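Colleague: These protein sequence lines are chains A and B, in that order.
Per our numbering: the first sequence = residues 1 to 222.
Per our numbering: the second sequence = residues 1 to 456.
Treat each hint with caution, since some may be false.
Said to hold, decoys possible - Now the in silico label distances, taken between C-beta atoms and shown as ranges:
#: 1; chain 1: A; residue 1: G192; chain 2: B; residue 2: I337; range: 50 to 58 angstroms
#: 2; chain 1: A; residue 1: S220; chain 2: B; residue 2: T11; range: 48 to 56 angstroms
#: 3; chain 1: B; residue 1: I337; chain 2: A; residue 2: T26; range: 51 to 59 angstroms
Unchecked claim - Here are the simulated lysine-lysine pairs, DSSO-like style, with alpha carbons at most 30 angstroms apart:
#: 4; chain 1: B; residue 1: K450; chain 2: A; residue 2: K15
#: 5; chain 1: B; residue 1: K140; chain 2: A; residue 2: K98
#: 6; chain 1: B; residue 1: K381; chain 2: A; residue 2: K120
#: 7; chain 1: B; residue 1: K442; chain 2: A; residue 2: K75
#: 8; chain 1: A; residue 1: K176; chain 2: B; residue 2: K450
#: 9; chain 1: B; residue 1: K450; chain 2: A; residue 2: K75
#: 10; chain 1: B; residue 1: K114; chain 2: B; residue 2: K90
#: 11; chain 1: A; residue 1: K98; chain 2: B; residue 2: K348
No lab work stands behind these hints, which were simulated from the structure alone.
Please read all numbers here as calculations on a predicted model, not as lab measurements.
Beta carbons are placed, not taken as given, at the ideal position from N, Cα and C, and that holds for glycine.
Spelled out from the first residue to the last, the chains are:
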Amino acid sequence: MKTIELKNVSKLYNKDVCALNNVSFTVNQGEFVAVMGQSGSGKSTLLQIAGLLDSCTSGEVLINGENVSELDKNKLADIRMKTLGFVFQSFHLNSHLKLYENIMVPMLINNEFKNRAEMKKRAEELVETVGLSHRIDHYPSELSGGEQQRAAIARAMANDPDFILADEPTGNLDSKNEIMIFEELKKLSDSGKGVLVVSHNEAVMDFADRICIMKDGVLSEK
Amino acid sequence: MKLTNIRFFATANSKGNSKNSIIKVLMILLVTSVSLIPSFTLTVASAVNEYKNDFRARCLELDPWLKELTDDILDSVRNINHVQEVDMLKGMRSQLFSINQVTDNNGICEEWQKEIEERNAAVQALSLIGSEKMSVIAGKDLDESPSFCCIIPSLFYPFEDTENYNNLEYIDGESLIGKTLTVTANDGEYYETLYNYFDGEQGGNEWIRPAALEYKLKIVGVYYASPTANGYFDSIYVSEETGRLIQETELEAGGYDLNSDETLVEKWWNTPSLRTHYVIVDDYDNIPYVYNEISKLGLVCADNPELGIKESVLIISKILSVASVILLIAPSVLLVIVLIQSTVSNLKKRRGEIGLMKAVGYSDKNIFFCLCYEQLIVTLKGFFVGGIISLILIAISNFYNNHSSYVNRLYIVDWSGFLTLLSISLAVSVVIPVVCQLIALKRLTKIEPKDAMNNM
């Protein structure tokens, strides 16, 4: 079983601000886990550490059983490329690339793709998966917020990762699009991906298999 | 990350930077600055430096105005640092001869005869001095030829109608090799400065009136007349021996007895210490020093060679050099400032995007190469446009100068020099953006993957 596991992880900033306090947490393959909490509760920090975007002060982080806590940043980048996909609140689509080209961005550093034709084919498949085939040649500025976030989800799937980590994916969307995004993420977990969503949006509760609450750096399951 | 992928990514992003237009314009300016004016600078400097080595450019005229040039005095001059040799002028300094006829093996050249009769033709004849060797670019030089031969300039214009100075139809000197000029000394007189110390007093000047004899001078070769020099396109050279013979026969035919010392002219001819000499300096740049040292000896010496480098050319050469330096430094500095500013603001603006790239696995190296390539696309576009502009301007300039006055030939740019400068500007257009990215590298490495989580 593929997992992201945090064991007794703590994160201190400036030696006195405790963002995470001895947190143990697991996301399994095929699971949709939502972490909720107020601003400043430490949920984003949890996602950063689980996603290898930041290091922990103490504890262990294991990806698919491998302890990655002490690896250098190049190896961590490699693990992120192969194993993790990210969806952020701000979409971060490149305004100079078309939709399918944006989806190709993570593939450009993946040597498993022999040429751009292969990348484009994969991008087209992902675009179809998120229901944006009719917008494939459009630039991000021509897409709605919901469409951009769906494009970001497709991009997160570019290298066929085991896990998708989403930080407030509906933060910039209206309620109709929020549901659409959570539905897309649910589809991914149903297809066997592990999905970790950090959100203060209560709508996520209707889609998550597990809900965890962060408060003052401490995680508890609901 | 493969180069093709870097190119793909960078090509798209290169459109996005708002400062790209400024960078492109600065790049065009830089390329034209590096390749255009410096091409002229190099061309002029090269011609000047080449001519500086010329015998005539290092020749100072030494006259017995205040003192006779005795052997002791000449030895003192020879002992001055940087003096290569001192030679007596045995022939003509510069004597005007009318051309009466041009002949070849078949007789009179009819097309020439017509020109001479309609337009009047004359040449300035100079005789070689001492060890001087006037090298030829075609035909034979005077060392290999008997007496009464001459060499003419590669672009020859002996006619007196020089009103349209900027549009003379020069004659290709090579086409005249093998022909013979029949010439006569103009007016049969010239003015010579003589000093008579026989009675311990300073002497005076005398008109020498040699006979207007006719001479036949066979053209054996052609020399390159540098447009930097003060010479003219009607100057021909004869050997020292030919010059001496011409002077001798003229004086004798004019009634002087060169075996006696009765008249001033005869004494002057037979007394080496009363004759004009030339001081040959080892390097053009040492002329002021040698002049000062000779002056300290109480002698009268020219401070500049008669056929030295034109003052105007030296001034232009200096102006071009200064302009080249300014034009190289100013746009370069401006470009570096704009590029660094653009790079830094670009990184700030794209912090979230770069954070995302790092989040999905891009290394600092991958991102650095992408950003470099983005910048190179812009600077290289500027290089190509600037290069084409320079190329066209140089081509137009060369065409104009090639069909213009002889002096303007000085500004005909050598294409290999221009291409070298263009290559330098290409190197600059590659190096500067890379250096600017390297300067910003620290900022790049400080962007964290988690910066993608900031809501921008």
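Colleague: Honestly, which of those hints from before does the structure not fit?
Modeller: Of the numbered hints, 5 and 10 do not hold.
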